[in-house]
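Visitor: The residues making up each chain are set out below.
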Amino acid sequence: MPNPIDAAARATPPTVARRIRGLSDRAIAWLFVAPTIFLLLAINIFPLIWTVRLSFTNYRANRPNEEVEWVGLRNYIRILTDDGIWANMQTTAHFLFWTLFFQVILGFALAWLINRKFKGNDLLTTLIVLPMMLSPAVVGNFWTFLYQPQIGLVNYTVELLTGTPANSFSMLGPGGYAPWSIIIVDTWMWTPFVMLICLAGLRSIPDYIYEAAEVDRASKWRQFWTITVPMVLPFLMLAVLFRGIENFKMFDMVVLLTGGGPGNETLLASIDLKREAFEKWRTGYSSAYAIILFVTVFGLASIYVKALNKVKER
Amino acid sequence: MKTRLLTATAVAALCTAGAASAQTNELTLCWAAWDPANALVELSKDFETQSGIKMNFEFVPWPNFADRMLNELNSGGQLCDLLIGDSQWIGGGAENGHYVKLNDFFAANSISMADFMPAAVYAYSTWPKGSENYYALPAMGDANGWFYRKDWFARDDIKAAFKEATGRDLAEPKTQKELLETAQFFQGREIDGKTVYGASIFTERGSEGITMGATGALYAWGFKYENTPGKYDMEGAVNSPAAVEALEFYKEFYKTATPPGYDNAYMEQSLDAFKSGQVAMAMNWFAFFPGLYADPNTGGDKIDFFVNPPQNQPASTLGGQGISVVSYTDNMDGALEYIKWFANPDVQKKWWSMGGYSVHNAVLNDPGFKDSAPFAGDFLEAMSAVQDFWQEPAYASLLLAMQERLHNYVVADQGTAQEALDGLIADWTEVFQDEGKL
Chain L
1 MPNPIDAAAR ATPPTVARRI RGLSDRAIAW LFVAPTIFLL LAINIFPLIW
51 TVRLSFTNYR ANRPNEEVEW VGLRNYIRIL TDDGIWANMQ TTAHFLFWTL
101 FFQVILGFAL AWLINRKFKG NDLLTTLIVL PMMLSPAVVG NFWTFLYQPQ
151 IGLVNYTVEL LTGTPANSFS MLGPGGYAPW SIIIVDTWMW TPFVMLICLA
201 GLRSIPDYIY EAAEVDRASK WRQFWTITVP MVLPFLMLAV LFRGIENFKM
251 FDMVVLLTGG GPGNETLLAS IDLKREAFEK WRTGYSSAYA IILFVTVFGL
301 ASIYVKALNK VKER
Chain B
1 MKTRLLTATA VAALCTAGAA SAQTNELTLC WAAWDPANAL VELSKDFETQ
51 SGIKMNFEFV PWPNFADRML NELNSGGQLC DLLIGDSQWI GGGAENGHYV
101 KLNDFFAANS ISMADFMPAA VYAYSTWPKG SENYYALPAM GDANGWFYRK
151 DWFARDDIKA AFKEATGRDL AEPKTQKELL ETAQFFQGRE IDGKTVYGAS
201 IFTERGSEGI TMGATGALYA WGFKYENTPG KYDMEGAVNS PAAVEALEFY
251 KEFYKTATPP GYDNAYMEQS LDAFKSGQVA MAMNWFAFFP GLYADPNTGG
301 DKIDFFVNPP QNQPASTLGG QGISVVSYTD NMDGALEYIK WFANPDVQKK
351 WWSMGGYSVH NAVLNDPGFK DSAPFAGDFL EAMSAVQDFW QEPAYASLLL
401 AMQERLHNYV VADQGTAQEA LDGLIADWTE VFQDEGKL
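Top to bottom, those sequences are chains L and B. Numbering of the first sequence is given in our numbering, commencing with residue 1 and proceeding in unit increments. Numbering of the second sequence is given in our numbering, commencing with residue 1 and proceeding in unit increments.
Just chain L, same shape as in the assembly (with noise of 0.2 angstroms):
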């Protein structure tokens, strides 16, 4: 039987083999990985270090021709002691709370749900998840509508089923429900994204070992937190992570649907962010705001990924 590696070399033209019979495996290795490499510092490490740089300036992009000041750490000082970021950070941080709470025990009860075989199973799986394909300013549209007072069918559902009448609150207006009508379209648009993450996991279990299980008397109930929430951990923590990075920088949806208000009840960071930046052109502030924000999210992540880990090994 021919070397397979004899026969590859014996394919590559003489030119080829030519050229690069003086380098070395690494060379050729540096070779193929260089495009990527260059690609990936011009443009996430390039702009990043930039961005960092910037955040120690009073730069601002719309006036190019304006001296540009080293100011030190106080864009960093600013944004640090200003109440109102602190304010948008909690917004935000209530905001990833709740939806990433619905998401999980909603997405992992819909997986159980469809895990076990009934008719109709493949329909109803199609019909879940069809909100997480809409596009979200689709769906930032739509929601205003079903929000709203006078014909919309939340207020109408709710007139029917507490007798409240419909033109008396607004689910997007004062009052404080503003940012649980946002946790709701979040919850309702993303859910299916979590049940898919914990279906796969429900379905790599393997039979036997519930098998086991049935053999050593274990109840249900025992086989659900012994087995079934330990072996589906991993993949639930999976799409927590993404879920969470998502929400934090979640962006399009609250424009469309409250536009950061009332006042500044719906106002996320990454709202904030996006003035300071790109109305406001405060490029330096907003860039010392964005590294804040991005090693909020990296600190928080890696440790979240620390303890992926350690649940994997178990």
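Accuracy of the hints is not assured; some may be wrong.
[Unchecked claim] Each pair of labels, with its calculated beta carbon distance range:
1. 90/L / 169/B: 50 to 56 angstroms
2. 233/B / 90/L: 31 to 37 angstroms
3. 49/L / 294/B: 53 to 59 angstroms
4. 301/B / 142/L: 32 to 38 angstroms
5. 93/L / 228/B: 43 to 49 angstroms
6. 97/L / 426/B: 28 to 34 angstroms
7. 354/B / 49/L: 52 to 58 angstroms
8. 346/B / 84/L: 51 to 57 angstroms
9. 93/L / 255/B: 30 to 36 angstroms
10. 84/L / 161/B: 29 to 35 angstroms
[Unchecked claim] Facing chain L, a subset of chain B residues (Cβ under 8 angstroms, in silico):
11. 71
12. 72
13. 77
14. 96
15. 154
16. 205
17. 236
18. 263
19. 264
20. 408
21. 411
22. 414
23. 416
[Claimed, not checked] Pulled from the structure, derived: some chain B residues nowhere near chain L, Cβ distances all over 12 angstroms:
24. 54
25. 57
26. 95
27. 396
28. 427
Since the hints were made in silico from the structure, they are not lab data. No residue lacks a Cβ here, since even glycine has one placed at the ideal position from N, Cα and C.
With the hints as your guide, set chain B onto chain L.
Guide: Same frame as chain L, but now just chain B:
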């Protein structure tokens, strides 16, 4: 082979040259996507015929207009040769080199700013304010005005109920307080078996809505940005007792006389509320009035218009724009030719007749102007008492601060009017300190 290569290269070069030549014979005009923009497309066909220059248009919906266009300018983009930009952009446009200074061109082509309404020239063309440095030609006069259901106001049963409720005749409000009283009268009233509401006003949070709406009351009460123009001395002006009273009035208006859920409403929502027969009155820009009058359901003899009512003084919030030549254009001659054509009195007359709000004296001083449209007289009256927001290069920071303070107080029920205006001074002071102006 070489011959073929040379031929191909020559053909490619010729094609490129042709494309470049075609490109210089085109102009792109950028503006917001709304009724007057459609009229301008029609009007510009005359320019195309006359000059041989093909006109392209880039119209962006209002909510994204500022973002899109300011990004374009700030990045030195060549999308727009001509830009009909908001009045507040003039400071930034001039100081950051986005707009071409037009003084020499005006002088060389006998275009006189004295031929245009002084308030419009001041607001749309000059920087620094009050100087004779022109960065735009007034293109579209506009102010925030009001319109109402004339057919409802004329009904005997409604008139009688109004008289009984208020002790006065139902008519176009003459003061801000009458405006509120009239709106409150209609709030929740049954008309033809349908619940209607007082008025739709601007409360939008994201861009400029609530500021444009609330300043209609603030200016009427006598609100000033500074005690001394150009000194940025805001204490006692921005938060004067009259300003506090005006802001409390606007909040009361929002709470007691607007349709449910109008907590983030701007131009479109105001038009929808009126056209769907939900409200008796609505505020909006004069630019929409021709379209409203032509509406088959709520226009014609069912609608009438009035200028923003005075309280302590007559005042209207300024809208409208000037047309500027973008300094990054690759067709400077063509862009200037368009400006010259647009400044022509005959073109200005046609512009008005097509639905554009010309502020050229040849149009406004025409004896038949007031009768040329049911809102023409109101437009003249409004433009004689317009006030605009800051036009500083940092106007966006100033505007966002006001949006936040007003929405927090008026819609989100946080704090008092006094606290909102005091806070606004603090925000604006910080902006001007950053700008090195304080």
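Visitor: Run every hint past the structure and note whether it holds.
Guide: Cross-check of the supplied hints:
The hinted window of 50 to 56 angstroms between residue 90/L and residue 169/B holds, with their beta carbons roughly 53 angstroms apart. Distance hint for residue 233/B and residue 90/L: a CB-CB separation of about 35 angstroms, consistent with the stated range 31 to 37 angstroms. Restraint check, residue 49/L to residue 294/B: a C-beta distance of roughly 57 angstroms satisfies the suggested window 53 to 59 angstroms. A C-beta distance of roughly 36 angstroms is found between residue 301/B and residue 142/L, which places it inside the suggested range of 32 to 38 angstroms.
The hint said 43 to 49 angstroms for the Cβ distance between residue 93/L and residue 228/B, and at roughly 45 angstroms that hint holds. Between residue 97/L and residue 426/B the beta carbons are some 32 angstroms apart, a value that agrees with the proposed interval 28 to 34 angstroms. Distance hint check: the CB atoms of residue 354/B and residue 49/L are about 54 angstroms apart, consistent with the given range 52 to 58 angstroms. The given range of 51 to 57 angstroms is respected by residue 346/B and residue 84/L, whose C-beta atoms sit roughly 53 angstroms from each other.
At about 31 angstroms, the beta-carbon gap between residue 93/L and residue 255/B stays in the expected band of 30 to 36 angstroms. For residue 84/L paired with residue 161/B, a C-beta distance near 47 angstroms fails the hint of 29 to 35 angstroms. The beta carbon of residue 71/B is positioned within 8 angstroms of a beta carbon in chain L (closest approach about 7 angstroms), and the interface hint is therefore held. Interface hint status for residue 72/B: violated, as the beta-carbon distance to the closest one in chain L is roughly 11 angstroms, over 8 angstroms.
Hint on residue 77/B is violated. Least Cβ distance to chain L is approximately 12 angstroms, over the 8 angstroms limit. A hinted interface residue such as residue 96/B counts as satisfied when its beta carbon comes closer than 8 angstroms to some beta carbon of chain L; here the least separation is about 6 angstroms, so the hint holds. Among the interface hints, the one on residue 154/B is violated; its C-beta lies about 26 angstroms from the nearest C-beta in chain L, farther than the 8 angstroms criterion. Checking residue 205/B against chain L by beta carbon gives a least distance of about 3 angstroms; that is within 8 angstroms, so the hint holds.
The criterion of a C-beta within 8 angstroms of any C-beta in chain L is not met by residue 236/B, whose closest approach is roughly 25 angstroms, and the hint is violated. Checking residue 263/B against chain L by beta carbon gives a least distance of about 4 angstroms; that is within 8 angstroms, so the hint holds. Taken as an interface hint, residue 264/B checks out: its beta carbon lies about 6 angstroms from the nearest beta carbon of chain L, inside 8 angstroms. Contact between residue 408/B and chain L, as hinted, is supported at the beta carbon level, the nearest pair being about 4 angstroms apart and thus within 8 angstroms.
At its closest, the beta carbon of residue 411/B sits 4 angstroms from a beta carbon of chain L; the interface hint therefore holds under the 8 angstroms criterion. Interface hint at residue 414/B: satisfied, since its Cβ lies 5 angstroms from the closest Cβ of chain L, which is below the 8 angstroms cut-off. For residue 416/B, the interface hint is violated, the least distance from its beta-carbon to any beta-carbon of chain L being 14 angstroms, above 8 angstroms. Every Cβ of chain L is farther than 12 angstroms from the Cβ of residue 54/B; the closest lies at roughly 31 angstroms, confirming the non-interface assignment.
Every CB of chain L lies more than 12 angstroms from the CB of residue 57/B, the least distance being 24 angstroms, so the non-interface label holds. Not every beta carbon of chain L lies more than 12 angstroms from that of residue 95/B, the smallest distance being close to 8 angstroms; the non-interface claim is violated. Its beta-carbon lying about 5 angstroms from the closest one in chain L, residue 396/B breaks the requirement of being farther than 12 angstroms from that chain. Not every Cβ of chain L is farther than 12 angstroms from the Cβ of residue 427/B; the closest lies at roughly 10 angstroms, contradicting the non-interface assignment.
The structure fails hints 10, 12, 13, 15, 17, 23, 26, 27, 28 (numbered hints given earlier, in ascending order).
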